[in-house]
Amino acid sequence: MNPERNLDSASDRRIMDTATPFPGPASMSETLMPTMETVPDNEDGAQWGAWMTRAQQGDREAYQAVLIAMTPYLRSIARRLLGQDQDVEDVAQEILIVVHDIRHTYEPGRPFKPWLSTIATRRCIDQLRRRTRRLQHEIAEDGDLDVTSSTHDSPEDHVARDQSDRELREAVDGLPGRQREAIRLLRLQELSLNEAAARSEQSIGSLKVACHRAIKGLQRALAHKESP
Amino acid sequence: MSDTRALIEQLAGRANAVRPLPSPMKRTVAWTLGAFVLIAVMAASYGLRPDLLAALSQPAQALEWTGSVLTGVFAAYATFQISIPGRSPSWAWLPALPLAMWLGGIGLGCLHDFAIQGPAAFAFQTHSGECARAIIAMSLPLALVMAIMVRHAGVVRPAPTAMLAVLSAAALCSAGVSLFHSGENALMSLVWHFGAVTLLSLISVLFGGKVFSWIGHARRA
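Note that the protein sequences, when read in sequence, are chains A and B. Here the working numbering is used: the first residue of the first sequence is 100, the next is one more, and so on. Here the working numbering is used: the first residue of the second sequence is 906, the next is one more, and so on.
Quick caveat, the hints were computed from the structure, so don't treat them as lab data. A couple of the hints might just be wrong.
What the hints assert, rightly or not - Below, a sample of chain B positions facing chain A; criterion: calculated Cβ distance under 7 Å:
| no. | residue |
| --- | --- |
| 1 | T909 |
| 2 | V923 |
| 3 | I989 |
| 4 | V1060 |
Said to hold, decoys possible - Pairs of lysine to aspartate or glutamate residues, derived as EDC-like cross-links and limited to a Cα-Cα distance of at most 16 Å, are as follows:
| no. | chain 1 | residue 1 | chain 2 | residue 2 |
| --- | --- | --- | --- | --- |
| 5 | A | K212 | A | D143 |
| 6 | B | K1115 | A | D225 |
| 7 | A | K315 | A | D272 |
| 8 | A | K307 | A | E294 |
| 9 | B | K931 | A | E206 |
| 10 | A | K212 | A | E142 |
These figures come from a predicted structure and were not determined experimentally. Heads up, the beta-carbon is just placed ideally off N, CA and C, and yes, glycines get one too.
Extracted from the complex, chain A is given alone in its bound form (with noise of 0.2 Å):
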């Protein structure tokens, strides 16, 4: 069983809602097995919220249960604020890791989906605010383009900037494992601290002095293959 796939379709939304209440540790892999019982929507929160309750207790298996449920609903709404592009699942793993953060601000008893969709929808608007910025950045980044190629660029600029580029991708290759990924995460994928954290598995202060590192390393081995 594929259980990303599973949690895809409408139906699986209600996967983790079967089960009431919460099975132990060995009945979790039929919990995530795939089932066509209707449950009502409006049971989807209380069951989360529960799911929550635990996880702010230290149930561990609670809290991937409720981490799964909730995925295809955050897809929903950032498909809904942003359109069908890539930024939709990444925007979802983004909302992931701030619930992660802010899980302490939950409060046990209430309701669960106000809670989950302000977070969500914030995000969205974050992400919304980001591509408006990206786009006026690359508007304004082709115009200088246009100009540039179109006035002075030479076939041997184009040469010189495509091997500016490859040996930037050289010299990032060419970086320790730890620097590499911190260059990556923060430079090149432009991602936040507190998201590259998740995905490197090392804490923000490491990445910082990776990233310095991987800057310092960048710069020492281009001045070198600048220099005669």
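The hints should help you fit chain B onto chain A, whose structure is shown.
Quick look at chain B alone, frame taken from chain A:
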């Protein structure tokens, strides 16, 4: 999507027990008590103004002082509510009534001053600017403590939370400064007390997002 599944496993794998936040009411009580203690220490170190009881026995000044205290307390409760995901943003309006009470007290004071002193009641007193400086100096550390208490607000409503947090701290400090500083007319109270609180609150709207991105969970969008 397999990335998402891997992320969930990572997050679940290191999910230790966390203590849920106490209710907004409990947090408001804790915050208010802490602020009262700090302000009382400040007031005691400067020495209470000799005419404090006489001043507070006047309806206008009593209304003004009570309004500022209630603004601080209500703004704190509103801060603790709206900083939590899923709570109604309408809580942000909670301090509106005590704010109106505060302004009403100042307005009443202006009329009272004018009835006694005539146009001289509206003389500009630059020396009263010390009040504003004291309010700002006392408010900033208190507001920082409040911001740390609601650092999770960065992913929800950073700007309104920052504004209400600063409003709470500054209003309580304004009430505190009134305990040891005297000799100003109601108009100066409007300019230096209410003005400083308003200015600080508005500035915090601009910088709320940045502050929470430094100390909290908000990421720079």
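Going down the list of hints, with the structure as the test:
Hint status for T909 (chain B): holds, given a least beta-carbon distance of 6 Å to chain A, under 7 Å. A cut of 7 Å between beta carbons decides the hint on V923 (chain B): the least distance to chain A is about 4 Å, and the hint holds. With a least beta-carbon distance of about 5 Å to chain A, the hint placing I989 (chain B) at the interface is held under the 7 Å criterion. A distance limit of 7 Å between C-beta atoms decides the matter here; for V1060 (chain B) the minimum to chain A is near 5 Å, and the interface restraint holds.
Proposed proximity of K212 (chain A) and D143 (chain A) is supported: the alpha carbons are some 8 Å apart, at most 16 Å. Between the alpha carbons of K1115 (chain B) and D225 (chain A) the distance comes to roughly 14 Å, so the proposed pair stays at or under 16 Å and holds. For a cut-off of 16 Å, the pair hint linking K315 (chain A) to D272 (chain A) stands: about 14 Å separates their Cα positions. A C-alpha spacing of about 13 Å is found between K307 (chain A) and E294 (chain A), which places the hinted pair at or below 16 Å, so the restraint holds.
At most 16 Å may separate the alpha-carbon atoms for a hinted pair to count; K931 (chain B) and E206 (chain A) meet this at roughly 13 Å. For the proposed pair K212 (chain A) and E142 (chain A), the alpha carbon gap of about 10 Å is at most 16 Å, so the pair holds.
When the structure is compared with the earlier hints, no violation turns up for any of them.
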